[in-house]
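Undergrad: Use the sequences and the hints to build the structure in full.
For reference, each letter of the sequence shown is one residue, going 1332 to 1857 in our numbering.
No lab work stands behind these hints: they were computed from the structure. Quick reminder that beta carbons are idealized off the backbone N, C-alpha and C, glycines included. Do not rely on the hints blindly, as some may be mistaken.
Under the rule of at most 25 Å between Cα atoms (straight-line distance), these lysine-lysine pairs were calculated in the BS3-like manner [as the list claims (entries may be wrong)]:
1. 1613 with 1556
2. 1673 with 1721
3. 1408 with 1503
4. 1556 with 1503
5. 1462 with 1408
6. 1596 with 1613
7. 1750 with 1740
8. 1503 with 1460
9. 1485 with 1596
10. 1503 with 1414
11. 1626 with 1697
Cβ-Cβ distance ranges computed for the label pairs, FRET-style [to be verified]:
12. 1454 with 1415: 36 to 42 Å
13. 1480 with 1457: 47 to 53 Å
14. 1630 with 1480: 27 to 33 Å
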Amino acid sequence: MNENLLQYWEKVKQYWNQYSRTTKITFIATVLLLILTAAIISVNLSKTEYSLAFTELQPSDASAIKGYLDTAKIPYKLSADGKSIEVPTSEVANVKLGVESQGLNKNGSLGFGAFSNSSSFGITDNEFKVKYLNAIQGELQQLINSNQAIGSSKVLISLPEEGPFLQQQQEKATASVVLQMKQGYTMDQAKIDTIYNLVSHSVKNLPLENITISDQYGQSLVSSKAGGPSSASLVTSQSEINNQFRSDLQKNINNMLGTMFGRDKVNVSVFSTMNFDQKKSKEQLVSAPNQVDQKGLEISLQEASESYQNNGAAAGGVPGTGTTDVPGYPGSSNSGKSNSEKNNKTVNYEVNRITNDIIATPYVVKDLSINVGIEPPVKDDPNSLTPETKAAVQSALVNIVRTALADNKVTYTDEELQKKVTVFAHSFARPTDTLASKTTTYLTYAGLALAALAIGAIAGFAIRRRKKAAQQVEQEMNIAAKKAQLPTIDIENVTNDNQVRKQLETLAKKRPEDFVNLLRTWLVDE
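TA: If you want it as structure tokens, here you go:
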């Protein structure tokens, strides 16, 4: 058995030794690569692949989900901060559905569902108020957290105390909200206003001015209705308006002058400053519906008429005996009779009452200057641009400045407007010259690159030719060496002595010199 193994091993060695060193290394590397690939595939197939199921969890939610997974015996991986949970990829959908069906992921808040999970029997009013307040805060947190840009939130509401007596002025509720923004997300003004409205409409007697919202860095997020946008966004908006005004004005001037001189022969620069102060005024106007007689609409009429008639006794007395009589003046002897009449008419008219709330324009151009450079017809001669042409352009630009500053409520003289406009003639630097120089540079680099490639190709061809010649010489030397090799007799594979004798006889007859060399080699080895 051992002899058979040895013979088999010897045959394997002979088969292996007939290959070159390069072939052996390639074969070994291929086998190792196949083994390594098979090992990696088997490890990956046997390995459980985990996928992220929950992120940005609150500690209470993470604890509840962890208990659910332990009960269901589902393997999971909990992150170092305890805010993320990974489950096997095949179980992600089932786990999410199971967690949501049991209401375990509440984003750290309890909504009105807390009332359905507990009995209200025997609960005091104070306990009920606390639970009710927590439920409102929890519902608002869940509502705010549904925004894709918000990772988590914290809401704190303060409700006014309700006393047994009616108050003339009812107290207002207040709310404070802290938003934890997700990385890479921002909140624009419209989304901020939406959160303000959600909080205000969810709590009774909670006006917008009693709500405070900030992010995780302590930066206040102000509502546009409660106090306008933040100072940073306001400055950005004003800067954008000013830039847009300058850009539009510059574009219009370029279009106007470009049609006369050519678009590549006019360069316009506009500088402006704006006043963004807003003014609000209120007008209360009264006018008669009937413009002919300037009377209003008659809405009520009241008339009253009263008449009185008196037939009294004759007036008499002793002359000059009264306290107010003149002594010796005779008294009246006629009888007393009087008539009176009174008419009263009241008419109520209704007039047109008009109330106008006027807000001035959101911005006013405070100052404006325009500089225009024109290339003269003769490139190197600025005087070729006639004074009449410059004056016409100057006049057109002055009109533009006058119109833009019309709402500034400042009266400018013609000289002051002339100073705000500058028109000059100058030759322009042509981009074609730069393009030509760049083209020349690129062509030079391209020529150098081609020359380098040619030299490299020639050198490579020479090296390859020299290498090929060396290989041919080496092959010839190997052939000569093979011819000079001594003949060998495969004694190990010969089964009996007769075959060895026959091989020696054949060698001695056909190649006597080689036979002699073979004998010498055997003698030296012995």
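Undergrad: Taking only the CA atoms, is the gap from residue 1503 to residue 1460 under or equal to 25 Å?
TA: Holds, because 17 Å separates the two Cα atoms, which is no more than 25 Å.
Undergrad: Taking the Cβ atom of residue 1630 and the Cβ atom of residue 1480, is their distance within the range 27 to 33 Å?
TA: 58 Å Cβ-Cβ, so the 27 to 33 Å window is violated.
Undergrad: Decide if the proposed pair is consistent with the structure: residue 1556 and residue 1503, CA atoms, cutoff 25 Å inclusive.
TA: Status holds; Cα separation ~18 Å.
Undergrad: Evaluate the given range 36 to 42 Å for the C-beta pair formed by residue 1454 and residue 1415.
TA: holds (37 Å)
Undergrad: Given the hinted pair residue 1613 and residue 1556, is their Cα-Cα distance within 25 Å?
TA: Given that 25 Å is the threshold and the Cα spacing comes to 20 Å, the pair holds.
Undergrad: Between residue 1673 and residue 1721, does the CA-CA distance stay at or below 25 Å?
TA: Cα-Cα ~85 Å, so violated.
Undergrad: Please work out if residue 1408 and residue 1503 have their alpha carbons no farther apart than 25 Å.
TA: Violated, at about 47 Å.
Undergrad: Compare the distance between the alpha carbons of residue 1485 and residue 1596 with 25 Å, and conclude whether the hinted pair is satisfied.
TA: violated (61 Å)
Undergrad: Within 47 to 53 Å or not, the Cβ separation of residue 1480 and residue 1457?
TA: violated (37 Å)
Undergrad: Taking only the CA atoms, is the gap from residue 1503 to residue 1414 under or equal to 25 Å?
TA: Answer violated: residue 1503 to residue 1414 is near 37 Å, above 25 Å.
Undergrad: With the threshold set at 25 Å, check whether the alpha-carbon distance from residue 1626 to residue 1697 stays at or below it.
TA: Answer violated: residue 1626 to residue 1697 is near 46 Å, above 25 Å.
Undergrad: Can the restraint linking residue 1596 and residue 1613 be considered satisfied, given a maximum Cα separation of 25 Å?
TA: Distance of about 51 Å is beyond 25 Å: violated.
The structure shown violates the earlier hints numbered 2, 3, 5, 6, 9, 10, 11, 13, 14.
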